[in-house]
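Enquirer: Protein chains in written order, with this note's numbering: chain A, 226 to 418; chain B, 19 to 406.
Worth flagging that the hints you see were computed from the coordinates, not collected in a lab. There could be a bad hint or two in this list.
Facing chain B, from chain A, some residues (calculated, C-beta under 7 Å) [as the list claims (entries may be wrong)]: (1) A241; (2) A250; (3) H261; (4) D265; (5) F281; (6) I283; (7) I305; (8) L351; (9) P353; (10) A404; (11) S408.
A few chain B residues that face chain A, going by a derived Cβ cut-off under 10 Å, partial list only [stated by the list, open to error]: (12) H29; (13) Q189; (14) D395.
Just so we're clear, the structure is a prediction, and the values are computed from it rather than from any experiment. Every residue, glycine too, gets a C-beta built ideally from N, C-alpha and C.
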Amino acid sequence: MTCGSAEPSDADIITAAQRDPERFADLFDRHYTDIHRYVDRRLGADAADDIAAETFLIAFRRRAVFDTAHASARPWLYGIATRLISRHRRDELRRYKAMARMHTTGVVESHESSVTSAVDAASFGLSPALARLRHGDRDVLLLVALAELSYPEVAEALGIAYGTVCSRLSRARKQVRAALRASGHDEEDDDRG
Amino acid sequence: MDDLTLISRMHTAERPPSPETTRSARRRLLTEATAAAGTPARGRRVAPLPRSKRAIMLVAAATACVLAGVSWTAYRWETRPLYHPEPLANQSGPASTFLLAAADAKTQHASDGRFWRVHRVVGETVVASSPYHPGVHYTLQLTRDTYSLAAKTPKDFGTLPRDKGPLTGTQWDGPDVDVRPATPADAKAWGADLRPSALDLHLTGPDEERGPFKQEGAELDFGVQDERRLPANPSELRAWILNYATKFDHQRLRNPDLYLFTAAPILLVDRVVTDRVRIATYRMLAGLRDVRMINATDAAGHPGRGVAMRQTTRDYGTIEWQLLIDPETGRLTASQGIVVTPGPKNAGLRPGTRQFFEIVKTAEWTNAPRDSLLPKDITDPNWQPPVN
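Kindly produce the complete structure, drawing on both the sequences and the hints.
Expert: Put into structure tokens, the structure is as follows:
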């Protein structure tokens with residue numbers, strides 16, 4: 226519980242939703258837009274409409290298993306959304322290919338291309354590199370890069386060990402950096418590992 | 019700009035959810051919540067009737083006990099395993115017999131080592147558009163060599179240059195994406211088009227698909243700790259995989275056998291598991307329904323025997339997923355998805371096309387020194403390819 230805080234924590238809301246299920250709508254109001262945005266960035270807005278809604282339905286059904294020792298439900302919700310995204314893996318790969326085509330041809334060929342029209346970073350060969358990552362590695366990378374989860378939060382989201390997060394992220398970033406170097410981009414180091 | 023920032027920037031959102039979409043999603047949630055509450059959302063009586071202080075305290079204590087009990091019961095209910103080890107069904111028929119023989123062969127050739135080394139040729143068949151002549155298309159097979167080297171623990175693998183800590187393994191790709199026409203007619207059209215390369219055709223490389231597209235369940239993306247914990251008993255392995263697949267939404271799978279045909283092959287090649295687990299995987303596959311025995315040819319033209327299962331989806335029509343296995347050694351030698359009836363997303367491919375495929379060149383344990391198994395550019399960050 227968050228004694229003295231004006232806003233109840235996510236854990237408080239989920240605890241309250243055990244006896245008053247409708248309280249779960251507070252969690253929806255708090256996180257729906259972020260979850261939608263995360264899915265949109267990976268799969269597009271139409272898929273996000275379905276997957277974000279499904280994420281909260283699954284979370285509601287699984288509210289009894291949420292570990293209320295964690296004040297924030299963000300990792301849990303992103304984890305559910307990521308599992309649902311994995312069922313659309315081929316669509317995600319098609320998007321990356323569309324980005325790469327758009328860069329190499331300079332032509333917007335399809336809906337898949339048009340939805341990624343703001344992709345300046347693809348000029349560095351990122352999309353083929355992302356498409357080639359192992360699925361588990363890509364999930365870890367995108368939870369860090371897009372959802373801005375910390376390593377422990379990614380571990381919580383995907384139900385994997387902290388060390389596994391580190392090794393997957395390291396492996397993924399190594400491939401991405403190699404692609405950046407190959408396309409002539411000198412990336413700066415950062416402090417995110 | 020660092021790589022994570024670049025990745026973040028390249029993933030732009032198309033649009034925020036519309037107010038109607040948000041309302042609709044919230045309504046769905048509330049409908050379920052209201053049903054769970056057992057009373058309508060509106061008009062529910064919230065204020066308790068006035069009572070004496072003692073009675074209120076008693077009621078509060080009793081309510082707290084009941085709620086704790088209900089929460090605990092709900093937790094236990096929601097975390098209960100949905101699948102339990104059961105005797106495997108129907109271990110008879112040609113496919114089962116073949117898989118059990120593969121398990122026996124693998125038992126005879128079981129080994130172990132410090133490193134698990136894999137070399138695969140991964141491929142995909144695509145319809146390519148001519149970069150020079152609008153309206154000209156031909157069907158091509160794209161292939162790429164992929165390699166991985168992994169140990170059972172980070173301590174066994176150690177640290178590589180450019181990494182800040184020990185890893186459990188690494189993977190790398192061959193330098194090129196190779197292009198090959200799918201049929202003689204395609205070869206003629208491609209040749210007439212000056213034999214453009216993958217780069218000329220703006221093709222980034224093949225997608226990797228070993229099994230049916232997941233329509234339910236989660237990816238088997240467990241880490242090394244789970245790899246070490248995997249049961250070597252086939253029925254326990256089946257239950258473990260299915261419980262992992264349903265852990266996040268806790269809903270039984272509509273077609274667990276199809277899911278297992280998807281999931282299990284990654285244990286045969288990709289994951290660093292003991293050969294005992296690989297043997298258990300074959301025995302578990304032998305218990306799946308709707309698996310049939312096949313004689314087929316891999317993408318390199320080698321004939322072989324194996325097992326197959328068909329999947330029909332809205333997007334990709336019907337695809338037959340095939341696993342080719344060397345019956346002498348119990349080694350998975352190839353896997354491929356053959357188009358039976360195309361769907362909207364592979365409409366350009368003819369029935370019989372090998373849409374996705376891989377050839378497993380190497381998948382073995384070795385005790386060779388780690389750096390002798392890795393390319394120079396991984397072990398030595400200053401290494402430069404020789405200039406001809």
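Enquirer: The structure should be examined with respect to each hint, and the outcome stated for every one.
Expert: So, going through the hints one by one against the coordinates:
Taking 7 Å as the C-beta cut-off, the interface hint given for A:A241 is violated, the closest approach to chain B being about 11 Å. For A:A250, the suggested interface contact is upheld, since its CB lies about 6 Å from the closest CB of chain B, less than 7 Å. At a threshold of 7 Å, the smallest CB-CB gap from A:H261 to chain B is about 5 Å, leaving the interface hint in force. For A:D265, the shortest C-beta to C-beta distance to chain B is roughly 4 Å, which falls under 7 Å, so the interface hint holds.
Taking 7 Å as the C-beta cut-off, the interface hint given for A:F281 holds, the closest approach to chain B being about 5 Å. At its closest, the beta carbon of A:I283 sits 5 Å from a beta carbon of chain B; the interface hint therefore holds under the 7 Å criterion. Taken as an interface hint, A:I305 checks out: its beta carbon lies about 6 Å from the nearest beta carbon of chain B, inside 7 Å. With its C-beta approaching chain B no nearer than about 6 Å, A:L351 sits inside the 7 Å limit, and its interface hint holds.
Taking 7 Å as the C-beta contact cut-off toward chain B, the hint placing A:P353 at the interface holds, the least distance being around 4 Å. Checking A:A404 against chain B by beta carbon gives a least distance of about 9 Å; that is not within 7 Å, so the hint is violated. The beta carbon of A:S408 comes no nearer than 11 Å to any beta carbon in chain B, farther than 7 Å, and the hint placing it at the interface is violated. Interface restraint check: B:H29 against chain A, minimum CB-CB distance 4 Å, threshold 10 Å, status holds.
Interface restraint check for B:Q189: the shortest CB-CB distance to chain A comes to about 7 Å, inside 10 Å, so the restraint holds. At its closest, the beta carbon of B:D395 sits 9 Å from a beta carbon of chain A; the interface hint therefore holds under the 10 Å criterion.
Violated hints, listed in ascending order, are 1, 10, 11; each of the other numbered hints is respected by the structure.
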